[in-house]
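*Asks:* Chain by chain, the residues:
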Amino acid sequence: MGGDKTKIILSITPPLLIIILLFYGGIFYGLVQSLGYQPAIGKYEINLDAYYNILFSERYAKLFWTGLALNLWVSFVSTFLAAVLALFAALAIRKTFFGKTVCNFIYSLNLPMPHLVVAVGIIFVFSQSGLLARMLAQLNIIASPGDFPVLVKDKYGVGIILAYIWKESAFFFIILMSVLQSLGENFEELAQSLGANRWQRFRYVILPLVMPSLFSASIIVFAFSFGAYEVPALLGVIYPQMLPVMAFEFFLNPDLNARSEGMALSIIIALIVMILVIFYFWLTQTRIRKD
Amino acid sequence: MNKIKIFICYLIVLTFAKFSFAEVAPGFNSWDDVLGKAKGGEVNVYMWGGSDAINGFVDDFYGVPLKNDYGITLNRVPLKGTVDAVNQVLSEKEAGVTGDGGNIDLIWINGENFWTLKQANLLYGPFAAGLPNSEFVAWDNPAVNLDFGRPVDGMESPWSSAQFHFMYDSARSNYDDMPRSYAELSDWISANPGRFTYIRPGKGGFVGTRFVKQIFFELSGGQAQWVGPFNQGLYDQWAPKVWELLNSWEKDLWRGGETYPKDNAEMHSLFANGEVDLDFTQSPRGAGPTNTAGTTPPTSRAFAFYENMIGDFNYWAIPYNAPNKAAALVYANLVLEPELQAAQVQPANGFCCGWGISTAKVTDAAGQAAIADAQNNLGDAAEDQNILAKALVSDIAAEYQDLIEADWEANVLLK
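From first to last, the protein sequence lines stand for chains A and B. Residue 290 in the working numbering sits at position 290 of the first sequence; the count goes up by one each step and never skips. The number in the working numbering is simply the position in the second sequence, starting from 1, with 291 added.
These aren't lab readings, by the way, just hints derived from the structure by calculation. Keep in mind the model is a prediction, meaning the values are calculated, not measured. The beta carbon of each residue, even a glycine, is placed where N, CA and C say it ideally should be. Where hints are given, some of them may not hold.
[Stated by the list, open to error] Here are the simulated lysine-lysine pairs, DSSO-like style, with alpha carbons at most 30 Å apart:
| id | chain 1 | residue 1 | chain 2 | residue 2 |
| --- | --- | --- | --- | --- |
| 1 | B | 681 | A | 62 |
| 2 | A | 43 | B | 409 |
| 3 | B | 494 | A | 155 |
| 4 | B | 409 | A | 155 |
| 5 | B | 706 | A | 62 |
[Unchecked claim] Coverage of chain A stretches by chain B, computed from C-beta distances (three or more under 8 Å per stretch; other residues unrestricted):
| id | stretch |
| --- | --- |
| 6 | 38 to 51 |
| 7 | 231 to 240 |
| 8 | 254 to 261 |
| 9 | 268 to 275 |
From just these sequences and the hints, can you work out the full model?
*Replies:* So this is what it looks like as structure tokens:
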């Protein structure tokens, strides 16, 4: 028994050290800076000025609240649509042989693609000087490429949402396929023999079975898209601006005093994601139990 | 009587002290001392690495003579942005790396990045006036001794210069139709709706800030009154008129002014894609460097307003913990050699920037010939150098920069 214990302690120490040092260490350091403690420029006082500035000052409040609204909108819409698309795709093709192989292959290809590449792809295809706009102009469907609707760098974040759907639906799809495969068809056949129609089989058999994994995948995708920088940096506008981009701009500001605001904003983002994830957990736990 | 004796003693001691402790730079008694300590070492040069032309220029024109004439190995470290080097020095400071224990010997720097390091006491110096070639530098020119309006104080030494002006595509527009003032630009914008935008004034978009700053100069009747310390009253008097003008453009701007490009790269791509007809350049060679790089169409040309075109210098700075300060000094001195300065202006060498020295201060024949040859080869992608020289004004106190960026956001973007 004692030997087992040492073994466990030995094997979990390296990952724990990394998590504690790098992750919590980084967060702690950020937290301290967000409170105004910056010895490099002779600031030793601890205060909440940076948080106040971000949330309420005339200079930043409007940027912050519009940014937060955009963040919530983009994350909710892209997570929801990607999940729904993947669910229907998975249900539609899981029983076909050829379709399944092809779709699995296409979606798996999508998975290792960096978000950065997807974002650039979106620019190439959907921007006003992009492939689609030029093609439609060539075909005389629109008069000039400039008449193409603004889908990239637009204030509603359509381009960002498109990029996330493109990327994350593959993630959902692969998780759903493995769940559906492990379930087999017994449940459905049983329901069918008891007289359940297609809709009833979907609503009362399949959905409750895939819901737990769909929800946990949604949490991952939501938290990721809420805090990710590169896609909104490439596809976003300068106002309203998503919060991670705003935080990074504070960080890059050569005026070191602005660093506290950048860190405060990052801590706020982390807090919001944490609260939403806890809320989401609570919601799914109670909902799933009821079903 | 005694007092006079003491005074004389004092004078003698003072004179003697001045002679014996005369330093060319902190820690070095003479230039020979610098050369001796630099020999056989390596110099780590941290610089923005986004241009193959500039990288190649540094390797060929500085790396070779450093090796052959001074026995110094050049180690050029490319950066995505200068701020990366600033953050590294800052981290080294926080980690307690002092003396010559750092990694960076030189940073290609100016403006706010310089101010960040200077503000945090992270620079070595003053050293610039001690370099033998500093005799070619126009230290009495405010565009040189002030960096974005903040005193250089010998903590950085110039490399090259830049001046704001514009580009157009000669395949799309005519040189003669180009606006030559902000008043004419206003008319041009309403005559060409959707064909103009400017870089958002803000971090990473200082060229846009500069574009807006020049409007202050034109509306207020000239740049002269803006030189000197920050003047809130003057700013408050003209700012509303500037925002009014910018807002009056909005409906005729690209995308109706709903968004703006945030840096040079975005602006160039809008111009190259044919979404807008005017672009900004900072190079005395006009559209030359971007045409060569392929970021603007090869038919692009330059033009300047007749007044109020801000010019500035960029510099080399040495971090407080540079591992080889002697070699850094040799490098900073080398780049000011008149013939190497002429080489960086010579278009065939692909460098994008202008003079770091005052060419009038060069007296030897070889230097003068190289300078004249470079001036004559600027080519048709550049604006007439006389127009640029006449329009040249220096940048102003840095406080205006932050204020303009914040107020532009509040009064134009968010209004």
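*Asks:* All hints are to be evaluated individually against the structure, with a verdict given for each.
*Replies:* Outcome of the hint check:
no. : hint            : verdict
1   : 681/B <-> 62/A  : 42 Å, violated
2   : 43/A <-> 409/B  : 16 Å, holds
3   : 494/B <-> 155/A : 20 Å, holds
4   : 409/B <-> 155/A : 38 Å, violated
5   : 706/B <-> 62/A  : 11 Å, holds
6   : 38 to 51        : holds (count 3)
7   : 231 to 240      : holds (count 3)
8   : 254 to 261      : holds (count 3)
9   : 268 to 275      : violated (count 0)
The structure fails hints 1, 4 and 9 (numbered hints given earlier, in ascending order).
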